[in-house]
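Just need the whole structure built from these sequences, with the hints factored in.
There are 2 protein chains.
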Amino acid sequence: MKNGYFDSEKREFVITDMYPRRPLLNYLWNEEAVCETDQFGNGYAWMSIGTQRRKIEAGDRNLYIKDLDSGEYYSANRNYNRLPFDKHEAHVGLGYHTVLSEYKGISAELTLLVPEETPAVLYKVKVKNTTEGVKRLGVYFSLYPKPALSGHDSYGTGDYSDTLGGLLYSHDGFRLPNDYTKVFVGTVKAPDAYDVAPQRFIGSYSGNHAPIGVETDRLACDGTTFESNYIAALQFNVTLGAGEEFENYFCSFAARNEDECAEIRAKLLSDGAFEREMATQREIGEKTSSVITINTPDDYMNHQINVWLKRQVSLGKTWGRLYGKGFRDVCQDITAFVSFDPDLAKKRIMHALTYQYEDGNPIRMFEPNFRYPYNDGGAWIPSAVLSYLNESGDTSILDVELPYLVGDSYERASIEDSFIEEPYAAGKRRDSVLMHVRAAIDYLLGSRGEHNLVLWRGGDWNDSMNNVGLENKGESVWLSIATVKAINETQEILRIAGEGEELIGYYEDKKNELKKAIKTHGYNGKHYIYGINDKGTRIGDEDRIFLNPQSWSVLAGMDEKEDMLSAMAEVEKRLKCDWGYTQCSPSYLKGDPDIGRVSYFVKGVFENGSVYNHGVAFKIAADCILGEGERAYRTLKSISVDNPKNSDSGVEPYAVTNMLIGPDSPYLAGYAPMSWITGTAGWIYRAITEYMLGVKPTYKGLTLSPAMPRGWSGVTVTRRFRGETYNITFKASDRAYIVADGKEVGILPLSAAGSEHNVICNYVEK
Amino acid sequence: MKNGYFDSEKREFVITDMYPRRPLLNYLWNEEAVCETDQFGNGYAWMSIGTQRRKIEAGDRNLYIKDLDSGEYYSANRNYNRLPFDKHEAHVGLGYHTVLSEYKGISAELTLLVPEETPAVLYKVKVKNTTEGVKRLGVYFSLYPKPALSGHDSYGTGDYSDTLGGLLYSHDGFRLPNDYTKVFVGTVKAPDAYDVAPQRFIGSYSGNHAPIGVETDRLACDGTTFESNYIAALQFNVTLGAGEEFENYFCSFAARNEDECAEIRAKLLSDGAFEREMATQREIGEKTSSVITINTPDDYMNHQINVWLKRQVSLGKTWGRLYGKGFRDVCQDITAFVSFDPDLAKKRIMHALTYQYEDGNPIRMFEPNFRYPYNDGGAWIPSAVLSYLNESGDTSILDVELPYLVGDSYERASIEDSFIEEPYAAGKRRDSVLMHVRAAIDYLLGSRGEHNLVLWRGGDWNDSMNNVGLENKGESVWLSIATVKAINETQEILRIAGEGEELIGYYEDKKNELKKAIKTHGYNGKHYIYGINDKGTRIGDEDRIFLNPQSWSVLAGMDEKEDMLSAMAEVEKRLKCDWGYTQCSPSYLKGDPDIGRVSYFVKGVFENGSVYNHGVAFKIAADCILGEGERAYRTLKSISVDNPKNSDSGVEPYAVTNMLIGPDSPYLAGYAPMSWITGTAGWIYRAITEYMLGVKPTYKGLTLSPAMPRGWSGVTVTRRFRGETYNITFKASDRAYIVADGKEVGILPLSAAGSEHNVICNYVEK
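Residue numbers (our numbering), protein chains in the order written: chain S, 27 to 792; chain U, 27 to 792.
For the record, the hints were derived by calculation from the structure and aren't laboratory data.
One thing to keep in mind: the hints can contain errors.
Identical copies carry no separate label here, and so any pair may be met within one copy or between two of them.
[Unchecked claim] Computed cross-link-like contacts, DSS-like style, restricted to lysine-lysine with a CA-CA straight-line distance of at most 27 Å: (1) K81 <-> K616; (2) K215 <-> K150; (3) K113 <-> K130; (4) K629 <-> K81; (5) K552 <-> K602; (6) K552 <-> K215; (7) K769 <-> K726; (8) K150 <-> K616; (9) K552 <-> K499; (10) K130 <-> K561; (11) K293 <-> K150; (12) K454 <-> K373; (13) K499 <-> K130; (14) K28 <-> K542; (15) K792 <-> K757; (16) K722 <-> K313.
Only a predicted model underlies this, so the values are computations on that prediction, with no experimental measurement involved.
So this is what it looks like as structure tokens:
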């Protein structure tokens, strides 16, 4: 594998490439903090408690080692100066991250983790003399704490606190938006020297590659004030005999006062605390991983499903998109992580539904709140709720009463493209979750334009098509199709809830009405258009095709099969490239204010013609629904990091990216500047497990409807579901039928909790 | 002189210290752009046209030189790797900045300037082979352009444009706050290669000290997109025989479209354009410098007055405080630069007065507008207007009709500590400048509390005492004293305007009423207190003394001389330290919400107990008024960069700082983190010229009232004033009297424009 290898036993990816095309990122987090790290252990850390959000660290973390006899020094984790290290590895683990290096007889280890319950970063440092002689070393641990909560440098100080046993940074200002005015960097062992001022430790004219403080015998041991940046640098002078090692632990966190610093430090740096946290992280990872285990001929896919996609989805499950909790993003993530954490899924559904306005339309993003009037939020609710019902079999959620967000989405909408800092306020209306689902659908059905299609307003899934409907005239064909899908799901929920046929029939009529409008105004004879804007212009008609309306026509199960097949054939013809399928083609070449941001994006980038993988994942699912397992698999592999036709996309082998720059771009085509923060992870996870392997929960039990790639007979899947364990083997056969525990079945048996079932799923290879 | 030397002939300061305590800054600017540079030529550049404000550059500028035979390379201006250069000098000139270096037989020059009329930076580069042999060199010029106008990297591209002859960066987005969506870096000579992507030129894992692009034979010659940062790197391969040199010119600027890029580039890079701009800058500098020339025993002071303070004041004259135009700051700067640019002073007065609300109170800051309800703005208006009348003798300004800013300062005040992005809107009321002055005073007289002192509201000169009066109860003693001073000035304006004694008498009564209230409630028997806050607490009473109320009692000419003398004696006793006088003592140790920001500042920093030089400059003027010239001089030297007791404050020898960290700070005491951006420059300029040397313009003509340091007999001053030139010699004598052109006079004679007058000013040494 590019950049390193998977260690199945330890559930690690080991990065052996010190200088990949771009930094390979990893995230460590708990409910209140996130720590980013690359292959060097470098990145930021921040925390968020309620509405109080702040950075803890930003800038490089370093473990400098200096030979006190020769004066030579280097960063053991970062190797700025491209020295010929004997070894450099980053072990991307489940909830921890270790950087190992060896150089000139010194082995060094830097391990980071975010403990389960405290918003902090914990560090373990180990330096070992692997030579036969004695080594006199200076060991320096440094990081960049971020105490500032305002632009007033005058509020700030930093110094070592003997009482607290670490470096204390204060920013006790007037009218601050945050109570966490201290940042503390604690050390178990008392340092021989320290510094807090970058201009002394790094030097005003040097950089992290050559810190002048390390060149002196002893750090300044002084505090500082009025800095816009601080450093935490701790020096330990050690003499190590042959085979001896130095070990120490550090923590960094923000707190409200010194007492809190003392309390948190005591907890985090107590004896054995680091190892206990490591064990906890491993446990959490194992529990998540064991829900579904696959064994296919595609080793890389096995790693993805068994470990890594779950981890990426888990980041979203806690943090949304890090910059905030997009309503549609949260709903989609729920449909993926519900399989390994149904209790949390329930909690997240209930939380999200309180951000639905009283008119039924949800806010675009919460925490922080972003009120641009996107119109698609409600279309994502039914699938989230249904996925929970299907996974858990627990219908009690439907009766839970929840408030709506105060106001009306039309009144409260802000067309300013900016975030609204306003605390959550519940409206007067309260309803059961079931009624929240119906309110979402009723809103969409009521929000329609002159062609009877759903209004576009501020935009839909395509966030960047953000000026097509602000006059409340433009209509979205994609959103109309998504509404059809959402009504399907709502009808299923109503059936599970035991509602009568009258109500279900009411929605059936509405759905048919909508389908008719889509057929009449949204299908051009070859493919589905994207919509009709405020000015009446048809978008994505002959001149340009968009991916999502085509794939979603399949996901929604539109009536006309030949339309869908034609649409999907157009996708193959017009959107395919060597590294996937573009979101639209051709790209916009010129900004159009009646369309919005997407048309201003550079060609081939983001929603304007990139391979936008979230959309590609929808397409994979659609292929599977159409029985095109082989095409689905080829599509999956084309966007994958192991695609030989796009062999250096920059993506971490253990993560998926939202975007590969498209073929229309004259620059960086095929490159992925980002990863991790995307709903793509959840959809790829579901596309493989639920659509390709076809292991799909329903309210009555697990069903199997595979759309296998060619030659995959013999694939096995172990799935835990409502306390049962299913050991499933897929066999290519003349006839599709399922045998569970010796009997032919439709739905897999649900017996006493804790049973294990052996299942053979015979499928017909296409 | 520390860090380098003054070159009087070229009017340059030459920095010979490559690595001073902190970077030594210089600014280059015109009406629409500002370029910052340090001793290496590094800093940002930005532009502002109307309300459209944007960065052009940020990050290091570099002239890398690579020996193509050995492969060795370095930055000739920046020397990141501390190589043993034979020479490194920065020539801080009037409107240009040159960095010279010599290393291994190669001399290099990088000169920056901002042309007079275009918002751009111009660069000249020269590389010379000073050896006897032939040198094959790669010459690389690089800088960091800042095309981004939003967080959407998808809008961005950068590439070389053959048509335009340079590197073009675009950020053509949707709903941008700025029309200047292009940044262009032009070159006269076509490069051999180029790059725009930092990850290729610098490398994802390297830094400016070791750009990987320079290590290759040829830069990538490719464009890029979706970057959060771009670089402009241009490679020229040259073969230089003995004594031969390579010369080229570059420009960087923002523009609205490619046509505009072409047009501006053509103008800036035309033949001889750079040299013409250099000549223009020199001319501007000379014109400013020649207004007053002094020759005292203090060489450093001579340099300050003859050249550098004028330059620092000139930055403020155009750009306010760079982050915006503080009303009080603009008014104060006017009183200083009026001597060398009265026409502009008039323009600035007229502009500022349109930011006075309809109730007479001005806004705290404009462009951008900051509406926190500070109450002192009006107290600075009369001195600005009077200084213009005195310098120019032109009373026509008093009749100019100007609108007020729409609204009422109470209604429009925002106690949110934030900037209001709102375009200027004129109110209905229009008045003459004379009435604007009166409106300011009438506002202050009407804005009074229960002790008959002027209300504090959001604060006064002490910006950080910002929560003492928001309930409209707290009263400021300092502001009351400042109002007395402002009434003095207003009365003088009224006399110049020929207003009757009735009106002048009306203000006399009001002033006496105010003086009485100050004496009764604002003087504690030893010194003036600072004020009484909303809660009725007396601030700066026994426990703590503030500098400004004491010095301003002298500037305002309070009636009781013994009170002033006692107050100033307390200043000597309680506020003096080795590097000046602190703004208050003791510093606050704990935040007090009924006082505001100042009490939360770290002790010894900013208004909380630092040596805040703006205040020290007031004190120097006050000393002079009391005839304490020697004490004034000692005070001046204590805050000066040549104070041997504070020999490494960090300050540029050619600039003054607003703050030296005070003795109460446990860290960095005596250090000046900043400089340039301060009203201190104007007040030091005036304290020396008008108060110490006593060359003071009045409406009727120039007056002389020196308060000389001891032993300064023989000092000469040349002052241009209303077309006349006065060559003044100061002589210590038994009796104070002035002889001009052979006759004893009170006011210096004003004859035909263009006359030269020889003046002897006899003074009595104290």
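The hints, checked one at a time:
1. K81 <-> K616: between (38 Å within a copy, 25 Å between copies)
2. K215 <-> K150: Only inside one copy: K215 and K150 sit 12 Å apart there, 54 Å across copies, limit 27 Å.
3. K113 <-> K130: within (10 Å within a copy, 37 Å between copies)
4. K629 <-> K81: Between copies only: 25 Å across chains, 34 Å inside a chain, cut-off 27 Å.
5. K552 <-> K602: For K552 and K602, the Cα distance is within 27 Å only inside one copy (17 Å; across copies 86 Å).
6. K552 <-> K215: neither (71 Å within a copy, 54 Å between copies)
7. K769 <-> K726: This pair counts as within: shortest intra-copy Cα distance 17 Å, inter-copy 115 Å.
8. K150 <-> K616: Neither. Shortest intra-copy (52 Å) and inter-copy (36 Å) distances fail the 27 Å Cα cut-off.
9. K552 <-> K499: within (25 Å within a copy, 75 Å between copies)
10. K130 <-> K561: Result: close neither inside a copy nor across copies, 70 Å intra and 68 Å inter.
11. K293 <-> K150: within (15 Å within a copy, 60 Å between copies)
12. K454 <-> K373: Classified as within; 21 Å inside a copy, 57 Å across copies.
13. K499 <-> K130: neither (70 Å within a copy, 71 Å between copies)
14. K28 <-> K542: Classified as neither: same-chain Cα gap 49 Å, cross-chain 84 Å, threshold 27 Å.
15. K792 <-> K757: Close inside one copy (13 Å), not across copies (110 Å); limit 27 Å.
16. K722 <-> K313: The answer is within: 20 Å in one copy meets 27 Å, while 83 Å across copies does not.
The structure shown violates the earlier hints numbered 6, 8, 10, 13, 14.
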